[in-house]
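Colleague: Each chain, written out:
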Amino acid sequence: MNATRRLPIGELAFSVRESLRGRSVLVTGMTGFLAKVWVAFLLDRVPDIGTITVLARGKRGQSAGARVQRIFERSPCFRPLRKAHGANLGAFLERKIEVVSGDVRRPMLGIDERVLAQLLPRLDAVVHVAGLTDFEPDPRDAIAVNVRGAMHAADLAARTSGKRFIHISTCYVAGQGSREVQEDLHPGISPNGTRFDPEGELLALESVCSAIDARLERDDAAEARRERVSTGMKRAVALGWPNLYTYTKALAEHLLAERDEALSITMVRPAIVECAREFPFPGWNEGMNTSGPLVWLIGTPHRRVPFQPKNHFDVVPVDTVARGMTLALADALRDPTAGVRAVWQLASSDHNPLTIGRALDLSTIARRRQYAKSEDLFERFVLAHLDSVPMNRAAEDDPILPAARKATRLLRDALVDLNPEHYLPAGLRERFGENLTKKIRKAAKTLGTTSRTLGQVEQMLRVYQPFVWEDDLIFATSRVRAATAMLSELERSSFGFDAHTIDWRSYWIDVQMPGLDKWSLPLLRGERAPEDPACPLDREVRELVHEERTIVERPQPSMMLSMSEDAE
Amino acid sequence: MWLASNAPGLRHRIFGVGTVALSASLGARDPGMARTVAWSMLKGLSEDRIAVLGEDWAQDRVLPSIKPEAQRLMDEARARGLVLVLISESITQVAGPAQRALGFDHVLANTLEWGDGHATGQLEPPIVGSEVDPRRLRAFAEREAIDLSQSHAYGAHRRDGLLLSLVGRPCAIDPDRELDRVARELDWPVVRSARLERNAS
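Just so you know, the protein sequences line up as chains L and P, in that order. Reminder that position 267 of the first sequence reads as 281 in my numbering, one-by-one numbering, no gaps. Reminder that position 158 of the second sequence reads as 159 in my numbering, one-by-one numbering, no gaps.
Here chain P stands alone, though its shape is the one from the complex (with noise of 0.2 Å):
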């Protein structure tokens, strides 16, 4: 919605936000036409002006929103020499920023497809969905000589729950209800804020 809401011009601003509304209301029937429809909307911008958006939304918006846990738990794991990897269903644009802000070695985000210098509104595949493809995921762990079985994963959705089976060590953090369903099914460790934890208490 920000980047739709920040096209050149009137008409692209209207159509791109009318567009990201259909897609919200196409999410939970079809979550990849929604994502197809959703994307749609940057059709014509130019790769500076997603660039500086995505820029700005991730220093003003995602950075911001970390909670100290998290911070915490990405500041052990690199103080113990692991590989920090970022996987997001945005675009680089966006992970991209978070990324290099928190230090992250890799990020799995999803890339648009450019003609001359704008955006066609297309991703490129591999795309990554709301949940990660379990391939992808392996192959990408043997080309970075990652061993599953000894990584930590962390998700808050019920969509997080696919990534966490992947690996040997899950973590669900401030998860909604069905994953917290989950992780307790499974016996994963459930990490929660201390501000919803006096909430709940």
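Looking at chain L on its own, in the form it has when it is part of the complex (with noise of 0.2 Å):
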């Protein structure tokens, strides 16, 4: 698929705001980190926007309107509302935001019919956010979310008035490989240009994932997701991508592309988001996404990286991906051609690159800064010294972390095994050996830690390695920058794409770092990321139901929610 519409050069400036006032969009992945700050930034600056519809999944007893409703009063996302509005938040949400139950796996994204005989005739656009972007999930999950999701949803936006859709993927579904990727699609050639069928492909997949749950799931249902994993990853790898997530979001993309009707359709990708530069805050970020784990990785024992320091890693802060989704969608809204076809790619590679040496010494660098300012002094004298440094050959090649993995293993087995008691005289037992005892339990206890540890970091560089070592991508961004350059020097200041202006440095060490250390790096502890005390809204969220009229939902009592992207 070669984009069939190209931005025409030379006309008038177009308005972000003008080609949205009065429009009505239905989101999905509204749980989600972009869905959520992307809505909050249509509602901060775009106020006249019609109507946002939000699909939510009821869950865990809380009603799809209710887990919307706690998203508006707990989120940080939305402190920029709630301190422009204040008290009267809710009345602004109620013109505004309207909730739908559905899941996104289920046709028509489970939507009831007769709410969508109310929602179709006035939706001018469906925005696919929702997404699995675990890089090795259950393939069964990622068909049903990434795939069939994004049908389903298509399907649901050729329904609509506007018969427009814009399908959130990925910059990388470009595969794996080290060149200039373009804003085009070829339908059925896959990244190292095998030829495929998309359909014939997922319906392979799921039949040997049935095959599989058929011999295995019974008895070991572990094992059973080892291996539809395993053969997922392999079928990927073989077509010429590098894990399963890019490769369903690819799948997705090849179908869209293959649709024949009258729908208008625009692939957005972003590349690796990250966190916000100023909106709805400097440093927000939500869930594990690609920086955390390699930024958790500088703080452990294991200091010798396998980056390649040239290769690209292409950030963009999520504020920055909201703002080229805007853009995009407008551009969709002002075109009255049907059946367009365009592709947006959200990146910085192209045009103010980052490598990933740099991101790494920026990385190390900021943390010798906290060190070193540290009221602990094995942290100011010791940690504050120690820097992680990229190291030449690959994470496979490196034989000194399973090494030493095993090697932590074996003692730490070694001492759990051993009791002093046994070993000493029986003067010197009294005196020394219960304390003795406990030393070495306390040895063991750390020694298994640091055994999993590196564990952990075995498997995220093997993980990680098409990333940092083995492909080299530049995406180029031509299209959201035309259409940046194509805003009123007021509009460009509020929806113009602007990963041009990125300092790096100060952006890595001031926003970006103090952002994960505080909202995504306590989830790999196992702790909590922060939420807002609650700032009860003065009326429910408005949720569609089947009846003629909308019901008022009764909020549920509070319940966690989890933020990764998820199935709604």
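Please note that a few of the clues may not be correct.
Claimed, not checked - Straight line, CA to CA, 35 Å or less: simulated DSBU-like cross-link-like pairs of lysine-lysine:
# : chain 1 : residue 1 : chain 2 : residue 2
1 : L       : K324      : L       : K420
2 : L       : K387      : P       : K68
3 : L       : K73       : L       : K248
4 : L       : K456      : L       : K532
5 : L       : K324      : P       : K68
6 : L       : K453      : L       : K324
7 : L       : K420      : L       : K452
8 : L       : K97       : L       : K110
9 : L       : K387      : P       : K44
In short, the hints are calculated from the structure, not lab data. Quick caveat, the model's predicted, so the values are computed rather than measured.
Dock the two chains into a complex; use the hints.
Modeller: This is the structure:
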């Protein structure tokens, strides 16, 4: 698929606010990082937008409406809106937001047909953000959400009055290799040039998964899952994708490109989405994105990291992505041509590149500065001087890490079995036996933790190896930058794609690292990310149900929300 | 020494610290060679690392060491509308943060040479040595329309004597013994901090 519509050169400036005024859009993925920021961004910067219909799923006894209500009341993402509207936020949201209950894994997003009858005639566009972002998920889940989910959303969009579908994909559907990636798509051709049938791929993978389940699921569900993942990974790699995430997101794109109908489809491909520069506030992040595990790695005992320092590390802050998504939506809405296909890439590598070596150096420098000011003497005098440095070989060729992990585990096992009281003479046993036993148990526990950490490091490096060692991709961003150039000066400051203005040093040290420390890295330690104290709205968020009238849903008692991008 | 001891990797640090030690031993005999050797220890350090370390050094060590009398003189000069120029033998990554924090209009300091985002270990000409280059200072003054005969200059060390001799209003601040002797011979004003005055009396 080549983009069938080019942005006209020399056309007068277009206005995002005018394009979106009074328009109605359905958004999926609201419980995830990107959709939340984008919805908050739209409400903040385009207050004249019509209605934003949010798809959500009831969960754990909480209705879809109550879940979304809680997001507006508790998520730090909506601080700017709480500040701007104060006590009137409830009234504002009542005019702008409605919730529909559904599930992307089901046809028509699982929305009741009677609700659809109300909704479809007034929808101008569907923006599908929901997706499973794990690199190695269960293929059954990845297909259900990333592929079938996208098809269900497109089917629904085809029945709306606006017939416009914005699909949030990822730049990394480009697969493996080192090259410049253009804003196009060649349906049925994989990254390594293999011809394939996307629907056939899906059916084959689903069939293999079913066979594995029939053989193993009842007796060993964990082994069945491992085998499904392994099979899916082999297929992805055979076609040129590094993992199941990029493979399934790509399958969705290929299937969308093959649709033969009047639906206008815009594929929006963000690169690595990271902490906000300024909106909703500097450093905001949710979940474990790409940089979090890499930054975590620097804090572990493993100091020599298998990174190719000159490879591009295409980071783009989440609010910069929100700007790009808004431009893509506004552009799609102002073009009356039916059946348009367009690809927009939201990245930094082609005009303001950051390399993996520089990101590693900046992370290390930021940590050094933190440790140098620490009250803890070990941090100040030891850790401050232990820098992570790139090493000149791939993770799979590094003998030290697996050896260190095995050695610590063997030592731990030996200590667990050791009872010093058996070996001490009677007199010493009475005086020192208990104390010595405690110290040995403590040492064994520490070694166990170290061994597990090294195991996590090994696994993390294996999963990330394509991105930090093997592949070097540069993503063209012509469309979003052309759209930015067509904005008025006033609108460019609010909506222009601004990756070219990022000062990587100050962003990484002053925004990204503190943001990851506060919002993402706690999750790796098994802790929860902080939420804001509840700011109850004075009225409930509207939920569209199958009766002719809307009803007001009373919020259920508070429950924890999953912060990862989910099937909604 | 600070920059060398914060290089990435243990080997780089040991080498850097050794280089600085070597340059110190050369300092008295051949200041130019000592400077070349000292800055060579930055070879391979990234622009980011040097910028951050320089800022930390300026914030944590340089700025807190500014004496109240010096601060007062700078504030008075600024209030009178004088152009403030900071001259330093250090690199711009250290002198620059100090310049911004203290509100100087210009800084004359050394500039590192870069290759692919990393220091080459060389300084770019013109180099600011331990003694100011009179021709360079006059050229700078001409460019910025500064009348040296009406300008003030402040220094504390023997090496600052040349700079002080180039302006119409020199002043030694807590001078070392040699600068103190020159100041007395040439009848330059001398300012001493209250703490040193008490210690002397």
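Colleague: Now look at each hint and say whether the structure bears it out.
Modeller: The hints, checked one at a time:
no.	hint	in the structure
1	L:K324 <-> L:K420	holds, 32 Å
2	L:K387 <-> P:K68	holds, 24 Å
3	L:K73 <-> L:K248	holds, 34 Å
4	L:K456 <-> L:K532	holds, 29 Å
5	L:K324 <-> P:K68	violated, 45 Å
6	L:K453 <-> L:K324	violated, 46 Å
7	L:K420 <-> L:K452	holds, 24 Å
8	L:K97 <-> L:K110	holds, 17 Å
9	L:K387 <-> P:K44	holds, 26 Å
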